[in-house]
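Following the hints, position chain B against chain A.
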Amino acid sequence: GAVVSQHPSWVICKSGTSVKIECRSLDFQATTMFWYRQFPKQSLMLMATSNEGSKATYEQGVEKDKFLINHASLTLSTLTVTSAHPEDSSFYICSASREARQPQHFGDGTRLSIL
Amino acid sequence: GENVEQHPSTLSVQEGDSAVIKCTYSDSASNYFPWYKQELGKGPQLIIDIRSNVGEKKDQRIAVTLNKTAKHFSLHITETQPEDSAVYFCAAYSGGGADGLTFGKGTHLIIQP
Numbered sequence: 001g002a003v004v005s006q007h008p009s010w011v012i013c014k015s016g017t018s019v020k021i022e023c024r025s026l027d028f029q030a031t032t033m034f035w036y037r038q039f040p041k042q043s044l045m046l047m048a049t050s051n052e053g054s055k056a057t058y059e060q061g062v063e064k065d066k067f068l069i070n071h072a073s074l075t076l077s078t079l080t081v082t083s084a085h086p087e088d089s090s091f092y093i094c095s096a097s098r099e100a101r102q103p104q105h106f107g108d109g110t111r112l113s114i115l
Numbered sequence: 001g002e003n004v005e006q007h008p009s010t011l012s013v014q015e016g017d018s019a020v021i022k023c024t025y026s027d028s029a030s031n032y033f034p035w036y037k038q039e040l041g042k043g044p045q046l047i048i049d050i051r052s053n054v055g056e057k058k059d060q061r062i063a064v065t066l067n068k069t070a071k072h073f074s075l076h077i078t079e080t081q082p083e084d085s086a087v088y089f090c091a092a093y094s095g096g097g098a099d100g101l102t103f104g105k106g107t108h109l110i111i112q113p
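If you read the sequences in order, they're chains A and B.
When the first sequence is numbered by this note's numbering, its final residue is 115 and no position is left out of the sequence of numbers.
When the second sequence is numbered by this note's numbering, its final residue is 113 and no position is left out of the sequence of numbers.
Next comes chain A alone, as it looks inside the complex (with noise of 0.2 angstroms):
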């Protein structure tokens, strides 16, 4: 296994309002946790780096009080984007690795539409 779960898949609300979006392993314990953002054809943007128990290193040019980064268990991250704008929309993925440095697994993606 290596099983990451990551939820809602789809959402399309509103400018203005907060998301947060969940990303879980499943079936194994993850020290580290990743969050990308793509866009369509496109490859993956690293955004951000979290690791359980610490504050996520984000990195350059993404606003870390616009997409608040919290890893608060072993098996959990989650990222609010705070106060969505149409810019905003994009499809996030997050991917979780068992420790720093191993191989990362990836969730599906949530697609994040922002009218």
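Treat the hints loosely; a few may be bogus.
Here are the computed lysine-lysine pairs in the DSBU-like style, where the Cα-Cα straight-line distance is at most 35 angstroms [to be verified]: (1) A/41 x B/71; (2) B/105 x A/20; (3) B/71 x B/42; (4) B/105 x B/58; (5) A/14 x B/58.
Hints were generated in silico from the structure; no laboratory data involved.
This one's a predicted model, so the numbers in the text were calculated from it and none came from an experiment.
Just chain B, lined up with the frame of chain A:
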């Protein structure tokens, strides 16, 4: 930081033929190179990976080769089947403080029946 180049962006092959996708990387400290397959509307699925202490790895119809000197690695798929059609991403993983993967831009593999 790491930079990963992937070619071609689109590859069309006849069913049963082989497909080869190539990637180069810039950071000589990179030591782990996974390949992912992404189907439409889904997350990437790890299909094979290789570490820098190995030159080649094979798993049934899929193989990956690594040339550390030239800093390039390739994915080889033999006896292609329609279900192999997808977007394939290579990635590299530096041994430094960064834990995230740097992905190539992807190759859309089309298997013609």
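Going through the hints against the structure:
1. A/41 x B/71: Holds, at about 26 angstroms.
2. B/105 x A/20: Distance of about 27 angstroms is within 35 angstroms: holds.
3. B/71 x B/42: 30 angstroms, holds
4. B/105 x B/58: This hinted pair holds, its Cα atoms lying about 23 angstroms apart.
5. A/14 x B/58: Measuring from Cα to Cα gives roughly 48 angstroms; hence the hint is violated.
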